[in-house]
Amino acid sequence: MIDLKNKIEKLAANNNGLFAKDFLQTWDKSREDLEYILDLAQLLKDFRDNNISTKTFDSGLAVSIFRDQSTRTRFSFASAANLLGLEVQDMDESKSQIAHGETIRETANMISFLTDLIGIRDDMFLGEGHTYMKEVGEALDDGFENGVLPQRPGIVNLQCDRDHPTQSMADLLHLKNHFGSLENLKGKKIAMTWAYSPSYGKPLSVPQGIIGLMTRFGMNVSLAYPEGYNLIPELEQQAAGFAKLNNTNFEIVHSMEEAFTDADIVYPKSWAPFFVMQQRTELLKNKDTEGLKTLEKSCLAQNANFMNWECDEAKMKLTKNGEALYMHCLPADISGVSCKKGEVSESVFEKYRLTTYIEAGYKPYIIAAMMMANRFDDPGEILGKLFTEGKCRVMV
Amino acid sequence: MIDLKNKIEKLAANNNGLFAKDFLQTWDKSREDLEYILDLAQLLKDFRDNNISTKTFDSGLAVSIFRDQSTRTRFSFASAANLLGLEVQDMDESKSQIAHGETIRETANMISFLTDLIGIRDDMFLGEGHTYMKEVGEALDDGFENGVLPQRPGIVNLQCDRDHPTQSMADLLHLKNHFGSLENLKGKKIAMTWAYSPSYGKPLSVPQGIIGLMTRFGMNVSLAYPEGYNLIPELEQQAAGFAKLNNTNFEIVHSMEEAFTDADIVYPKSWAPFFVMQQRTELLKNKDTEGLKTLEKSCLAQNANFMNWECDEAKMKLTKNGEALYMHCLPADISGVSCKKGEVSESVFEKYRLTTYIEAGYKPYIIAAMMMANRFDDPGEILGKLFTEGKCRVMV
Amino acid sequence: MIDLKNKIEKLAANNNGLFAKDFLQTWDKSREDLEYILDLAQLLKDFRDNNISTKTFDSGLAVSIFRDQSTRTRFSFASAANLLGLEVQDMDESKSQIAHGETIRETANMISFLTDLIGIRDDMFLGEGHTYMKEVGEALDDGFENGVLPQRPGIVNLQCDRDHPTQSMADLLHLKNHFGSLENLKGKKIAMTWAYSPSYGKPLSVPQGIIGLMTRFGMNVSLAYPEGYNLIPELEQQAAGFAKLNNTNFEIVHSMEEAFTDADIVYPKSWAPFFVMQQRTELLKNKDTEGLKTLEKSCLAQNANFMNWECDEAKMKLTKNGEALYMHCLPADISGVSCKKGEVSESVFEKYRLTTYIEAGYKPYIIAAMMMANRFDDPGEILGKLFTEGKCRVMV
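Protein chains in written order, with the working numbering: chain R, 557 to 952; chain W, 557 to 952; chain B, 557 to 952.
A hint or two may mislead.
Given that identical chains are not distinguished, each listed pair holds provided it fits within a single copy or across any two copies.
The calculated lysine to any residue pairs, modelled on SDA-like cross-linking and capped at a C-alpha distance of 20 Å, are [stated by the list, open to error]: (1) LYS941 to ASP614; (2) LYS947 to GLU937; (3) LYS896 to ILE660; (4) LYS841 to ILE660; (5) LYS800 to ASP648.
Note that these hints are calculated values from the structure, not bench results.
The structure displayed is predicted, hence computed values, not measured ones.
Working from the sequences, and respecting the hints, build out all of it.
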């Protein structure tokens, strides 16, 4: 418990640069801001593990807007909100079209009168998700400045077409704890590689988020994919820039084996090529069902050329001491389990299954930290008060 | 804060005639009762604006029954319940038929064992919504009197076929604050007028609610619609009676321009003619899909004759100093924005956009006030205790 | 209130054998355990009736997994969770297939990071529901033991293919209160009989739950059904074994009249024959829509031979003094009300309508008691603290 007190004091001594600012992309934030989130998330986890209440809201809503189905992100968001005392209200937009202009302005205000935070997941359309979140943010600014809203709800990006910051930050906290410290991550090689999957259309935000974050924390990033399966070009270039700035390596290779060689960490995951996602967005916009079917067919046929991009025992042997840490955002396509042939072999996945669960377990705390940093000027001071009060989460 | 204390004392000095009584129609309530709701709603808003907790329930459910889709009313209800400490549980009846008799009696009891409040929206069928709410109320009476229920949950009408009291009361609170006091509303002219919309089947409850409420608060009401687009005749006559009783004017005219002339407030909004709603109810009951299509077609064709019933700059110039307050329950059909030609021109709407948002922002507090007045014999006393305790809504 | 204090002390003196153990079937529990639940449920009801808070959780989720539609069980679960301070999150699996293996392991962990309790309803497939719940439990054990989960959420069976313990225990508490004590139930005859219904495919868990529980509490159980409409054979034999062990009678007869004769309690309820449910499970697994239609048709034709299995005035006259207590888990198929010809005549149902509502009203408290016994080593001690604190549920 002395450790907990020290951690709180350390956090309270730091500056919270995230107050009243939406969390849309990790690259909009300073390294200090990101470390602040890691520390705060860990503290919130420590509080809960020690059965100390972190209820900072007596009432208030946390609205979730999911423009795509999701079980784990939904539960992570609900858990985070509940941990702080907010009640989740789901805003179902599944049947809606891509909304623009007045509809966004109005809806954003209508759901926000007594709302403290809004979590948005919108990863279906390239060029849309991030734009949508910014439009919601501007509508909220407008409403708050003009006296419509008594508070300006914060926005947390729960996955867009560009970044998936709650995932990449949970991954970073996992790496920090796994290797002992952020310092220890310096010089480590992470292989963010494409992997085969019998599905198509998987979003690019996870690999984009990983290369845009890990290059800033001293890791050498090897991005691997079959020719043509590139990410948003601008974000690949950004990662290269981050690497240069932080004296780390960033390379793009077209061989899973090459990326795996001597890697400390591997992150094999399927995604759709950028140019396919562009076509798909156009077809979806035009409701071209036939075109979508044709695209899916040609895309799956194309994928089938790369079925050997599977994370198996042989490839794992190429990694540092044959013992690289395997990561995945889940659910993984496991060969012989969830599909005939997929991203990872059954034996490799089974070896790392529990660590992928532990990895996922950080997400609720990362989201709660993003919420708290958005709402409180000095979360450290608030946690200090909660520690002193020492109210139990579960009665004893 | 002294102001807040005075307001609380003033409220506590008044008699709460709404205790343990369902809120179904404003015209079931006395003027004093309605003013009580306005004062209580404003106080709940003041408490929240001053970051003081209004959590009066430690646990308990607020059940919402929506027999129609709704985003803003759903969020208003959820916000109101949360503000008082109740958890919302949605009762999904979308797939159900119009329920009667034993089904209502049983369901009403089954959802109410630990329930404090029930909000119902049922505006689809003329002659059904209000009846349904009364049946639910009688089932709850029966359950409570016979020891089935440990409490008799209160019912709040979230829109029926006759009235939309949470809307009209939010509108009245908006008007009170906009013009400075209820006293100042005396002699003001409000134009409640039909407006063109490219849809059909919109409920009558908003205009009915407005004419049945504003005539009682000293306003002169001009109800305007094309010939044949009348509301429920009984409710038009009731408004005329209220006007007579309160020495105000109530007129029915068939020209938007006439209604707008010298108006202090305009409320242009589309609705379906009474006789169409009657036919529609019969067709829906009989599941006559063909008949519904035919009715819709003829109705839209009929509407098209009145496309000039649009609230535009020219008509706004006819109002008092060309500066009448524009009101709408949202979402409005905005010409060139949400449709080709609609209820209001883009420039007029844009000028008043933010005030319509502010208007909508009162609804959560009106609902919370209706809930609190139903549950507490003396809400003023309760608010006094909460003020003294001074627990923060958000930690500081 | 002295009575309440005595009850708390009595409970605290007893051993809680249910701590940290899932509640899947009443026959997995000792008689003492079941009595403990009855006492705890009654105390939770007493607390609420006396407006004393039973909020034992400051935050935390209660996850509901419904693999079948349900209004009353859903509300009972939500009410119970809310009573203890947990927020319900629904896990929608309606569109999912029967999940196995990795999917269950992963999902169980992903929804449990900040979850204290999980309620599962899975009664559609014979041989599946109970197995599924055990698999979820094993996945949670695995996650907890390996540091994935900070706590091992408890599981409450909200109805499976074998037992419906929240129903049967609510029924037992109803009987205890109706007849004055568990002692008074000794020697009473309960007729658990099949009844005609114009539907098919109703689960077997209610009759199985009743015969497996009441035989252990001194009641003589007469199970009646038309030839061929038997329950899971193993569970019929188990009930016979319980009866022998507890010196009560258990008989299977094929006449409603015979079962009703001299019965103190009658529980007439439709179910599908075991062999039909077996066929149905196979057909559902194989998605054999045609086969399902054929089965339904032949099954309904078969049922029609037993339309006289209706609980009517004439049969009620056969019961002890013609005044047996009528029970039903609701909703009942009432002749002339919810269907042409059903399980019970209108006049019999109307006479007992309110007592069936009262019966249903125990379920939220039974679920809350199962939750609390699972989470707290000594619920009596916790209730003692809550009683001393005396926080009001609703402000006064």
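Each hint, compared with the structure:
For the homomeric pair LYS941 and ASP614, the shortest alpha-carbon distances inside one copy (15 Å) and between copies (16 Å) are both at most 20 Å. Taking the shortest alpha-carbon separations for LYS947 and GLU937, both the intra-copy value of 16 Å and the inter-copy value of 18 Å come in at or below 20 Å. For a Cα distance limit of 20 Å, the shortest separation of LYS896 from ILE660 across copies, 19 Å, qualifies, whereas the shortest one inside one copy, 42 Å, does not. In this homomeric assembly, LYS841 and ILE660 come within 20 Å of each other (Cα to Cα) only inside a single copy, at 18 Å, whereas the closest approach across copies is 35 Å.
Taking the shortest Cα distances, LYS800 and ASP648 never come within 20 Å of each other, neither inside one copy (42 Å) nor across copies (46 Å).
When each numbered hint is compared with the structure, a violation occurs for hint 5 only.
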